[in-house]
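Visitor: Please work from the sequences and hints to get the whole structure.
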Amino acid sequence: MKQLNRTQNEQNLVHSAITQIRKQYQNEQTEEVPKEIMENKYFTEYEQLNELELLTNKHIKYCTKKLLNIGYSIFYLDVGQPWCIYWPLNALSILQDDVSKYENQIIQYLEKCKIGGFTGGPNQFEHLAPTYSSLLSLFILSTPAALGLIDRQALEKFFWSVQDPTEKGSYLMHVNGEADIRAVYIVVIMVVILKLDPKLLDGCAEYIASCQTYEGGIGGVRYSEAHGGYTFCGYAALVCMKKADYIDQEKLMNWLVNRQMENEGGFNGRTNKVVDACYSFWQGAIFKLLIQSGYVDEQLMNVFELKNYIHMCQNASGGIFDKPSKSPDAYHTCYGLSGYSLADSNFQNPIYNIPNKCIEFVQNFFQ
Amino acid sequence: MDYFRAIVKSEEISERVFDLTGIIIHKLPSNYNAYFIRRKCLRQLKLDLNREMEFINEVTIANQKVYQIWEHRRQVIEELNDFKGEIEFLHKIFDEDNKNYHGWSYRVWLCDRFKIYDAELIDVQYYLDEDIGNNSAWNYRYFLLSKMPLDFNAELEYIKNAIRLKQDNEAAWNYLRGWFKMFKFKNDQENPYKTYVQFNLKDFNLLEFLNEVGLTNRFALSLKIQYLLQDGNYKDAIEICENLQNLDLIRIKYWQYMKNQIIGLIQ
Ligand SMILES: [Zn+2]
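These protein sequence lines map, in sequence, to chains F and Z.
In case it helps, full-length UniProt numbering puts the first sequence at residues 1 to 367.
In case it helps, full-length UniProt numbering puts the second sequence at residues 1 to 267.
These are calculated hints, taken from the structure and not from any lab test.
Don't take every hint at face value.
[Unchecked claim] Quick partial rundown of chain F residues pointing at chain Z, CB under 8 Å, derived from the structure:
{"#": "1", "residue": "N123"}
{"#": "2", "residue": "H127"}
{"#": "3", "residue": "H174"}
{"#": "4", "residue": "Y214"}
{"#": "5", "residue": "V257"}
{"#": "6", "residue": "N258"}
{"#": "7", "residue": "N272"}
[To be verified] Calculated Cβ distances over 10 Å to all of chain Z for the following chain F residues:
{"#": "8", "residue": "L52"}
{"#": "9", "residue": "L196"}
{"#": "10", "residue": "V221"}
{"#": "11", "residue": "A316"}
{"#": "12", "residue": "D329"}
{"#": "13", "residue": "K357"}
The C-beta atom is built at its ideal place from N, Cα and C for all residues, glycine as well.
Guide: See the structure below:
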């Protein structure tokens, strides 16, 4: 297992060296590498980068540490606690680590965040984002005890309470809060898997379709710029409802394939923006959704280049960062690994971003 | 902090609670609980909304990418029913990051709410002059023009000039494509909520322009494929796909897919 011990500044230099080297190749249209580049120390390192692999054990160590931190901030007024469970837990499950040992601790903590929907921490209001990350964490655990925590009736009541009063098919992230496609996505996928009132889905597909922009991606609200995160949310919700054809999928695909960056191999989130490892999932998963909806029948992204980029975004002692020069965090580790796994295996479900075997368990549990 | 939790529970509405939410938001601007209570106080105690805008400006400048503060701004401006100073404030935000997603989304709402399309069309030019690759500004231009009567020939000249300035600017190419109906390989249901105008590619002679900008750029080539498909010229379209398979290696599988789709059309 190769490790690259270098400072952030050096990582930055490597990054731009990679870009320049690749550009040079393209401009000169030749296989021969110019002499001065051959002698560049970062070019030699790049050669090694090509042979890098996923630092599985290091990432397991990193995520375990993150996960064991839950409960630590109970006394601090943080508003996104369930994310701090879902991100490392999902990463560990992708890395095939046994997550059952965390079951009791997680259930105990999430119980404190439960009303019907879940809250960002104990004694807070219900909010769709912690509801999403809490439910997914319980799904990943896939045990009767974990799923027993879910109160479907109370959850349904919470979903009705966040209907957007001004727009049919749209939802607010919390009562009196902001409306955007994330909210629609969360409500839709949870209504479907937990078999809640299908009336909650009325108008959702039409609303999502109205947020597809002229570029082909989907914006957070109508007329907003096409964005990887919102495009994932909107299209995943449509595929989940089997209504993928409500949007122009040819246009979506054209926008999507152009998000993979020719020099870096990773994805950007919007036109003319920089690469970021988390879009390995947000954009990468859409390729799988296009297969699931039946629109295409094969993986059309460049898997090799994407994996290479994620390799470059690994911290030597575990964890994944947005781009070389940044520090690792649980968010980028979760979505970097999710994208990595989805690119060429069927372990993860592209709609829910948890393992397919867990989806099956949850579906059977809530017959 | 425990005190704040007690207040969340007690649902107390008072100036004391209002001031406390201010402290919490300064400390953690994404605390949605605090905004919920704060807005209740604002409404029930009929507090001065202009003073609230000063608070919002201060918090936003220090935390420019927080959902909650932008939503709070939207709700307060809605209630004030006055957008004085808002465009100037957005200029400040975009001076720091000309692609701030929250800022541009808020601007769409503001413009629609107060119907200031004409003035905004002039203002958005500032951002395109500053950075012709600013896709957020292009997206905003599209929104504006889909809300007003449009001389599309004039707009076409505008786009062509932008592309001449920077030929590999994907933002401008996407914008150009956006106005046209593209070929459909599969029978996608027509989007019932389509809110923008679309023109027929074949009604505008773009071939000359595409040749002028040179045909090595994948955006130009990709648009040319669409052109040829609408003309029924499948053979030349396939040849371009094959070209792109050599030129645009990262998308090699996509161009192969396009080629197969076109072959499927011939049969
Ligand atoms: Zn990121």
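Visitor: Run every hint past the structure and note whether it holds.
Guide: Going down the list of hints, with the structure as the test:
Taking 8 Å as the C-beta cut-off, the interface hint given for N123 of chain F holds, the closest approach to chain Z being about 4 Å. Hint on H127 of chain F holds. Least Cβ distance to chain Z is approximately 6 Å, under the 8 Å limit. At a threshold of 8 Å, the smallest CB-CB gap from H174 of chain F to chain Z is about 5 Å, leaving the interface hint in force. Interface restraint check for Y214 of chain F: the shortest CB-CB distance to chain Z comes to about 3 Å, inside 8 Å, so the restraint holds.
Taken as an interface hint, V257 of chain F checks out: its beta carbon lies about 4 Å from the nearest beta carbon of chain Z, inside 8 Å. A hinted interface residue such as N258 of chain F counts as satisfied when its beta carbon comes closer than 8 Å to some beta carbon of chain Z; here the least separation is about 6 Å, so the hint holds. Hint status for N272 of chain F: holds, given a least beta-carbon distance of 5 Å to chain Z, under 8 Å. At roughly 19 Å, the least C-beta separation between L52 of chain F and chain Z is larger than 10 Å, which holds for a residue marked as non-interface.
Against the 10 Å criterion, L196 of chain F stays outside the reach of chain Z, whose nearest CB is about 23 Å from its own CB. For V221 of chain F, the condition that its CB be more than 10 Å from all CB atoms of chain Z is violated, with the nearest at approximately 6 Å. Under the 10 Å C-beta cut-off, the non-interface status given to A316 of chain F relative to chain Z holds; the minimum distance is some 27 Å. Against chain Z, the non-interface label of D329 of chain F holds: every CB pair exceeds 10 Å, the least being about 16 Å.
The beta carbon of K357 of chain F sits about 28 Å from the closest Cβ of chain Z, which is more than 10 Å, so the claim that it is off the interface holds.
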